[in-house]
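Trainee: Take a look at the letters that make up each chain.
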Amino acid sequence: MSAFRIGFLPLVDAVLPILAHELGLAKAEGLELALVRDPSWATVRDRLIYGQTDAAHLLAPLAIATSLGLDRPAVPLAAPFMLGLNGNAVTVTPEIAAQLGEDPVWDATRTGHRLAAVARERAAAGRKLRLAVVHRYSSHNYMLRYWLAASGCDVERDVEIVVVPPPFVAEALQSGEIDGSCVGEPWNSVAVERGVGVIVAATARIWSRGVEKLLAMRTATLGERAEEVAMLLRALNKAGEIAADPARRGEVAALLARPEYCDQPAALIERALGDRMVLLPGGPAEPVDDFLVLHREAANFPWRSQAMWLYTQMVRWGHASADLRDLGRAAAVFRPDVYRAVLSGTGAVIPSASEKVEGAISVPTGAGSVTGRLILGPDRFFDGRRFDPDDVESYLEAMLSK
Amino acid sequence: MKIAIVDDSPARAAVIEEGLREAGLSDIVLLTERHGLVARIAAAEPDVILLNLENPSRDMLEESFALSRAIARPIAMFVDQSDERSIAEAVDAGISAYVVDGMRKERIKPVLELAVKRFNAFARLQAELAEARSALAERKLLDRAKAILMKRRGIDEPAAYALLRKQAMDSGRRIAEIAEALVTAENLLGGEP
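Line by line, the protein sequences give chains A and B.
Numbering-wise, my numbering puts 119 at position 119 of the first sequence, and it's gapless, one number per residue.
Numbering-wise, my numbering puts 66 at position 66 of the second sequence, and it's gapless, one number per residue.
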């Protein structure tokens, strides 16, 4: 049997496939893995859709865009397993950070308003803030825009949003090519370590349980290689348990640090894994709760409501047209049915619903589950808005009328 | 038809350019630097952009193409189902291609096919080069091993070579491995490095 190939980008949240491979978890299930690292999401996507890989660590919105055929012929993708929630941060130059006040990470509302004010001033002076995201179809792009817009910033008018690949963010901050960036770890920490960036927001403070990377495969693969997919999901679930174990954090960080994965110091990688971030150059490591949620609270379960929320943001920013059929196709990328079928009986916590109101929970709350005890953590958006998957139209109307 | 070749390997870019020129395509611009890439592509206004698949600037370029409001807006080169195969070949070779919207695909296809051939030729060349390098290293090793034997045992070169070959055959190993072991041992035992 040939190896099951998984594409990935050098990021901390590629950790579950890497553990499944390196710790022999996939092999124990009977599956040989081969990991393929690439420097751009476009190439991770192309290798997946043209069959050079069988699955990929992918941006959730990019999987939806690929399935909808937003800028190329549609290739239906399926995501039976999420690779984690949150994990990104907004890092700006020390010069911009100085205008945002003390401890910006602790108050996303205040920091958002101040950043919006800086953006307006700069736009009025003819020097728009240039903010980088990692891809057009990334949660980074949608979270940053959501935050700015809800903070009173006219995103299309006041700022310029550009794409910079994660490994080049520190360099781009240093050279003045960009004023800030929303990127995953360890690339914020690399900028802080070089003294060229200050972390002013964690995406976990914008939406406390934000949809992030997923395991994507061609929908056809689910049927053609069902047994291997099941082995892979079971191995990833075990990898999740290990990644969530504080006792193994050092070992996990050391693995990710290796040249063939993130190729960055283990000490930097350990920050995101332990929800303890150094926010400014020379500063102490400070707890940032829920910075990256890799496994607990059924974080790997593909809630279709999260795919639907992403679709509303794609429509909001003109990336997709509002069409109920497309909403259905976007939601169908997430495959809670496959997750349930494969992981029932393994001890994994399995929610009984496939959709939930996003942003409705402010204290840990028990929820219905098929097996295991499901506690959902706070999932609020920083502005208190809720997304009800049964009423997408009025949510979209409210967003578009602004 | 103007073609931009974007590649972080100047050597490969040159090999592709040569191939295109031989085929009579002479309006070519080479871009091998990441800095200012978007601006330079915009200034060059190419009809076709060939990009190595492992170029880290791909996401950045796709974004700039998506934002472009110009009539000559580059789009990813996947035109219809019948092209699936040639695109898959391009991906296998390590190329991604973008063409301006509206460009006739009969004109593009030969360019892409040529680029695929050149990319593959370049990859073969590199593999051969790596092989040649390791062959050269092995020959040097063998020469040193022979010199050691000639000096220590007072024998001539053919005898030294025969000794090495016999040892290799007896132990079921490659002659280069025997030579390496001998040179390492000699170094450890304080012989001339």
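These are calculated hints, taken from the structure and not from any lab test.
This structure is a prediction, so every number in the text was calculated from the model and none was measured.
Just so it is clear, CB atoms sit at the ideal spot from N, CA and C, and this is done for glycine as well.
Errors might be hidden in some of the hints.
As the list claims (entries may be wrong) - Every beta carbon over 10 Å from chain A, so not counted as near; a handful from chain B, in silico:
| hint | residue |
| --- | --- |
| 1 | Met60 |
| 2 | Ala66 |
| 3 | Ile75 |
| 4 | Ile148 |
| 5 | Ala176 |
Claimed, not checked - Calculated lysine to any residue pairs in the SDA-like style (CA-CA distance at most 20 Å, straight line):
| hint | chain 1 | residue 1 | chain 2 | residue 2 |
| --- | --- | --- | --- | --- |
| 6 | A | Lys128 | B | Gly36 |
| 7 | B | Lys109 | B | Ala39 |
| 8 | A | Lys128 | A | Trp317 |
| 9 | A | Lys128 | B | Val38 |
| 10 | B | Lys117 | A | Ala97 |
| 11 | A | Lys128 | B | Ser68 |
| 12 | A | Lys128 | A | Ala97 |
| 13 | B | Lys105 | A | Arg114 |
| 14 | B | Lys166 | B | Leu188 |
| 15 | A | Lys128 | B | Ala39 |
| 16 | A | Lys128 | A | Arg114 |
| 17 | B | Lys109 | A | Arg72 |
| 18 | B | Lys109 | B | Glu84 |
| 19 | B | Lys109 | B | Lys166 |
Trainee: Next step is simple, just say for each hint if it's right about the structure.
Mentor: Comparing the hints with the structure gives:
no., hint, verdict
1, Met60, "violated, 5 Å"
2, Ala66, "violated, 6 Å"
3, Ile75, "violated, 7 Å"
4, Ile148, "holds, 36 Å"
5, Ala176, "holds, 27 Å"
6, A/Lys128 / B/Gly36, "holds, 18 Å"
7, B/Lys109 / B/Ala39, "violated, 26 Å"
8, A/Lys128 / A/Trp317, "holds, 19 Å"
9, A/Lys128 / B/Val38, "holds, 18 Å"
10, B/Lys117 / A/Ala97, "violated, 50 Å"
11, A/Lys128 / B/Ser68, "holds, 19 Å"
12, A/Lys128 / A/Ala97, "holds, 16 Å"
13, B/Lys105 / A/Arg114, "violated, 50 Å"
14, B/Lys166 / B/Leu188, "violated, 23 Å"
15, A/Lys128 / B/Ala39, "holds, 18 Å"
16, A/Lys128 / A/Arg114, "holds, 15 Å"
17, B/Lys109 / A/Arg72, "holds, 17 Å"
18, B/Lys109 / B/Glu84, "holds, 12 Å"
19, B/Lys109 / B/Lys166, "violated, 56 Å"
When each numbered hint is compared with the structure, violations occur for hints 1, 2, 3, 7, 10, 13, 14, 19.
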